[in-house]
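Asker: Residue numbers (my numbering), protein chains in the order written: chain A, 1 to 365; chain B, 1 to 282; chain C, 1 to 323.
Heads up, a few of these hints could be off.
Label pairs and their calculated CB-CB ranges [unchecked claim]:
hint, chain 1, residue 1, chain 2, residue 2, range
1, B, Gly139, C, Ala32, 17 to 25 angstroms
2, C, Asn117, B, Pro171, 29 to 37 angstroms
3, C, Val47, B, Phe92, 23 to 31 angstroms
4, B, Pro171, A, Glu17, 49 to 57 angstroms
5, C, Pro239, B, Pro226, 53 to 61 angstroms
6, B, Tyr46, C, Thr213, 30 to 38 angstroms
7, B, Phe92, C, Ala307, 42 to 50 angstroms
8, C, Leu303, B, Val244, 32 to 40 angstroms
9, C, Leu314, B, Arg74, 39 to 47 angstroms
10, B, Pro171, C, Glu72, 28 to 36 angstroms
11, C, Thr64, B, Ser225, 53 to 61 angstroms
Below, computed lysine-lysine pairings styled on BS3-like, alpha-carbon distance capped at 30 angstroms [stated by the list, open to error]:
hint, chain 1, residue 1, chain 2, residue 2
12, B, Lys172, A, Lys7
13, A, Lys177, A, Lys167
14, A, Lys177, B, Lys172
15, B, Lys172, A, Lys132
In case anyone wonders, no lab produced these hints; they're calculated from the structure. In this text, a Cβ means the ideal position worked out from N, Cα and C, and glycines have one as well.
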Amino acid sequence: MAQILLKDLRKTYDQTEAVRGINLDIEHNEFVVLVGPSGCGKTTTLRMIAGLEEITDGVILIGDRVINNVPPKDRDIAMVFQNYALYPHMTVEENMSFGLRLRKVPRDEIGRRVSHAAGILNIGELLQRRPKQLSGGQRQRVAMGRAIVRNPQAFLFDEPLSNLDAKLRVQMRTEIKKIHQRVQTTVVYVTHDQVEAMTLADRIVVMNHGIIEQVGTPQEMYEAPLTRFVAGFIGSPAMNFIPCRVVNAGSGLGVRLSDDITLALPDVQADRYRGHVDRPLIFGIRPEHMTEQRQHTNAQQIDFSCTVSVLEPMGVDTMVFVEIDGTEVTARAAPRSVSPVGAEMAFTIDMNNMHLIDPETDRVI
Amino acid sequence: MNAMVGETYVRRLVIFYIPLFMFVFVMLFPFAWMLITSIKPDAELYNPRISPFIVREPTLEHWESLFGTTLFIRWAINTLWVAIASTAVSLFAGVLAGYALSRLVFRGSTLFGIMIFVTYLVPPTLLFIPLTGVVTWMGLQDTTWSLIFTYPTFLVPFCTWLLMGYFQTIPKELEECARIDGATRLQAMSRIVIPLAVPGILSAGIFAFTLSWNEFLYALVFIHSPENKTIPVGVTSELIKGDVFFWGALMAGALFGSVPVAVVYSFFVEHYVSGMTGAVKG
Amino acid sequence: MTTPQPVNAPSLWARFATSLEDQRVLGYVLMAPALLLIVIFIAYPFVLGVWMSLTDKIVGTPGTYIGLGNYERLFASDIFLTAAWNTVFFTTVATVFKAVLGMWLAVLLNRRFRFANITRASVLLPFIVPTVLSTLAWLWMFDATFSVFNWTLRWMWQMEISILGLVLKENWGFFRGPLWLGDPDLAMASVILVNVWRGLPFFAISFLAGLQTIPPDLYDAADIDGASGWKKFWHVTLPLIKPVAIVVIVFSIVVTFADFQLVYILTRGGPNNETHLLATLAYQLGMGSGNIGQGAAVALFMLPILAVVIIFQLWYLRREGVR
Chain A
1 MAQILLKDLR KTYDQTEAVR GINLDIEHNE FVVLVGPSGC GKTTTLRMIA
51 GLEEITDGVI LIGDRVINNV PPKDRDIAMV FQNYALYPHM TVEENMSFGL
101 RLRKVPRDEI GRRVSHAAGI LNIGELLQRR PKQLSGGQRQ RVAMGRAIVR
151 NPQAFLFDEP LSNLDAKLRV QMRTEIKKIH QRVQTTVVYV THDQVEAMTL
201 ADRIVVMNHG IIEQVGTPQE MYEAPLTRFV AGFIGSPAMN FIPCRVVNAG
251 SGLGVRLSDD ITLALPDVQA DRYRGHVDRP LIFGIRPEHM TEQRQHTNAQ
301 QIDFSCTVSV LEPMGVDTMV FVEIDGTEVT ARAAPRSVSP VGAEMAFTID
351 MNNMHLIDPE TDRVI
Chain B
1 MNAMVGETYV RRLVIFYIPL FMFVFVMLFP FAWMLITSIK PDAELYNPRI
51 SPFIVREPTL EHWESLFGTT LFIRWAINTL WVAIASTAVS LFAGVLAGYA
101 LSRLVFRGST LFGIMIFVTY LVPPTLLFIP LTGVVTWMGL QDTTWSLIFT
151 YPTFLVPFCT WLLMGYFQTI PKELEECARI DGATRLQAMS RIVIPLAVPG
201 ILSAGIFAFT LSWNEFLYAL VFIHSPENKT IPVGVTSELI KGDVFFWGAL
251 MAGALFGSVP VAVVYSFFVE HYVSGMTGAV KG
Chain C
1 MTTPQPVNAP SLWARFATSL EDQRVLGYVL MAPALLLIVI FIAYPFVLGV
51 WMSLTDKIVG TPGTYIGLGN YERLFASDIF LTAAWNTVFF TTVATVFKAV
101 LGMWLAVLLN RRFRFANITR ASVLLPFIVP TVLSTLAWLW MFDATFSVFN
151 WTLRWMWQME ISILGLVLKE NWGFFRGPLW LGDPDLAMAS VILVNVWRGL
201 PFFAISFLAG LQTIPPDLYD AADIDGASGW KKFWHVTLPL IKPVAIVVIV
251 FSIVVTFADF QLVYILTRGG PNNETHLLAT LAYQLGMGSG NIGQGAAVAL
301 FMLPILAVVI IFQLWYLRRE GVR
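Bound-form chain A, shown alone (with noise of 0.2 angstroms):
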């Protein structure tokens, strides 16, 4: 159990650079998880803290130890593959106890531990299996009994439920985060799925391009997303983008989202947008935060309207397709308030929920 430290973290191979400097603090006991699209960077980043890949520039401390040259039997580090990476020809004991036996710890400790570990993953009648014998979860499963029995400083999971069926990823995310407070220690995750990140997360790692886009809990990223990559990588279904201006409409500020709609901002916020009058902005609005006609509960809500292209019913709610100047947008309505295909339907938007941003930089202003 410890913290670890990237302090300006690269990667390079050949002519590409797969991690271009990455500084990132994760504490003591923390479940940190790196999101973004393949080839971000992120898995390379796990397999530089575990040792695989060679750090071409930069630092990494484990505790406080630096940890750059240390191969990856001295990192003290535990780690589930996404293939789970069990031992074919060992029985699940021999897999979980591996570790133990190499570093020569008494026997009755490793069976002590082993059990333990067993326990707590409920797979004791599991140990003199072979890993041919056993289903997707409980694979899953020994490979985190192969982690928590070495009782490690960290534990490092390489996109762990990506082999696994909708369903029993569901369940098997769950179980990860019962066992995170469990076993308390440094877990750094990585996937691609940002609901999984969102759900299991203390802080999420937003990356992309082999950089850091923007570092906070789930909460932060999904209401305050610093970058346009961030604010359409969290949260689903995607934020929408339409393009706008800010004008002035009457006494205070709009948004010009077409010829026909101008939302007008909230004077709250007029002050944050009044430097970018009449420059090429982008509007971000997540589909839950614009719905069908409702009662409004702030002074930020206003009403529009626009003709709907395309139901999808999710039960819950349905998502409604509407295109605005060219563009496809899609809010989020109670299933028996919406309009058919082709009529009109009146929205209300939440403009607290919006964010503007800036083509130029791909930031949120």
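Got chain A; can you put chains B and C on it based on the hints?
Answerer: Showing chains B and C alone in chain A's frame:
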């Protein structure tokens, strides 16, 4: 392919059973002939008037003379020793090199890979004359050691090539996981990768064993003393005296020189075949 | 002079063990045994062979440098030119037969039938058994006086059971039947026959392995498209087996080209040096007559053609992305 729907029995006989029978007959006839010849008395062997296909008075005299009056048993021991030792040497070098070339990134690894491949295709006949010089210079001439050290020249490239392919089928994560679990690179290799590669190693070993059992040219050139010869050389050089061929004993020798590899082969057909086909697929 | 070691200083062994964690170091360490063997027993002999071929070395003498003298002499020698031609001819004809018959046998073996496994296993026997020993059996079967083939032919003639018998009477008369190894053309044909017999299983089993990777759906699809047996073979089987076939053929060319044992046992290059291959000629010159320089030159003469084959193979493997 299954039998085609609507294929008549006659058609199947003509396009399938008859050709297949011919192939099998031709492939196996020489072995049958070895056996028939080796149990026929000389009087029948060298009588052109009677049918050679029928053994009238089967005899074991040729077998007895092979085992009793020639050094055949000695040659068999030599052959076995050379085959086992050179296979062991080759597997040792081949496993390590195959592992390095398929798993490790180091400067020159591609070049080494090409080098192994090229030497794989260099036939022994190209080098036997200068190699004689090397063997003499090392003081190994006329000993079985000369064969144990030179057979790896064609076995190591083969084993390396085959095992490279096999190692590549073992997921890298297993090793990475072992290294994180506390294994050194060597431990990850010896405790995870090599145990998982046993089928591949067995294939390479079986194939290498038969290759060295069958080798002829180096054994012919390097060994002179009858008691140090291997079966192929012993049978062809010691059982033929000038122009006189003792066909009964010769065929007995051919038969008993073939039986051990055939037995080893029959136990490991699958491994042998996967070694053979793996060797060309790379 | 010894100074006491500091207690915590890593020993030499520990430092070595640590450096093995670096794959750049470990790579060389693991390559070392193989490289050592290759350098001592292939690379060095190769250089030595090139040097020997440039000298007039005879057994027991150091030999002096004579430039390309050996090669000049070889090109002026009928025996050498015959051997070179024989090698090319032998390789080409034998490989064609092995490929065609091997493909036929593979297709037969690929069908499902009773005893399929044991048939496949037994067909491979000629390939796994020591070549010289099986070749001895062929030598006996080709024997001038007691050839089983000739006995059979004679029997057919005596019985006059067939047209074949009459043809034999016209061509070879009554008593002897052909002298398989006594006539240069027949001897070459006999050597090729034995080579095909021995190498055929390798082709057949390798092709069979290739055939088994072809998904059966493709044949079903071809059936539905109304393709005949031949068309299926031509348009489905052959294109899909091409990669395996090329590698097998190239591999076999190398081995056949360098063949030594068959000619050594069957004809010793005779009659009248007409059936020598490069390998047997090299042996006769280098080991038989002790003319080491010339022997080495003959053996090296295999190199250019092998090089072409090897380069083709490397190019092909790379293009196919096998490695």
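Asker: Against each hint, give a clear statement of whether it holds in the structure.
Answerer: Status of the hints after comparison with the structure:
| no. | hint | verdict |
| --- | --- | --- |
| 1 | B:Gly139 x C:Ala32: 17 to 25 angstroms | holds, 23 angstroms |
| 2 | C:Asn117 x B:Pro171: 29 to 37 angstroms | holds, 31 angstroms |
| 3 | C:Val47 x B:Phe92: 23 to 31 angstroms | holds, 26 angstroms |
| 4 | B:Pro171 x A:Glu17: 49 to 57 angstroms | violated, 27 angstroms |
| 5 | C:Pro239 x B:Pro226: 53 to 61 angstroms | holds, 54 angstroms |
| 6 | B:Tyr46 x C:Thr213: 30 to 38 angstroms | violated, 51 angstroms |
| 7 | B:Phe92 x C:Ala307: 42 to 50 angstroms | violated, 30 angstroms |
| 8 | C:Leu303 x B:Val244: 32 to 40 angstroms | holds, 39 angstroms |
| 9 | C:Leu314 x B:Arg74: 39 to 47 angstroms | holds, 43 angstroms |
| 10 | B:Pro171 x C:Glu72: 28 to 36 angstroms | violated, 58 angstroms |
| 11 | C:Thr64 x B:Ser225: 53 to 61 angstroms | violated, 32 angstroms |
| 12 | B:Lys172 x A:Lys7 | holds, 28 angstroms |
| 13 | A:Lys177 x A:Lys167 | holds, 16 angstroms |
| 14 | A:Lys177 x B:Lys172 | holds, 28 angstroms |
| 15 | B:Lys172 x A:Lys132 | holds, 18 angstroms |
Comparing the model with each earlier hint shows violations of hints 4, 6, 7, 10 and 11; every other hint is respected.
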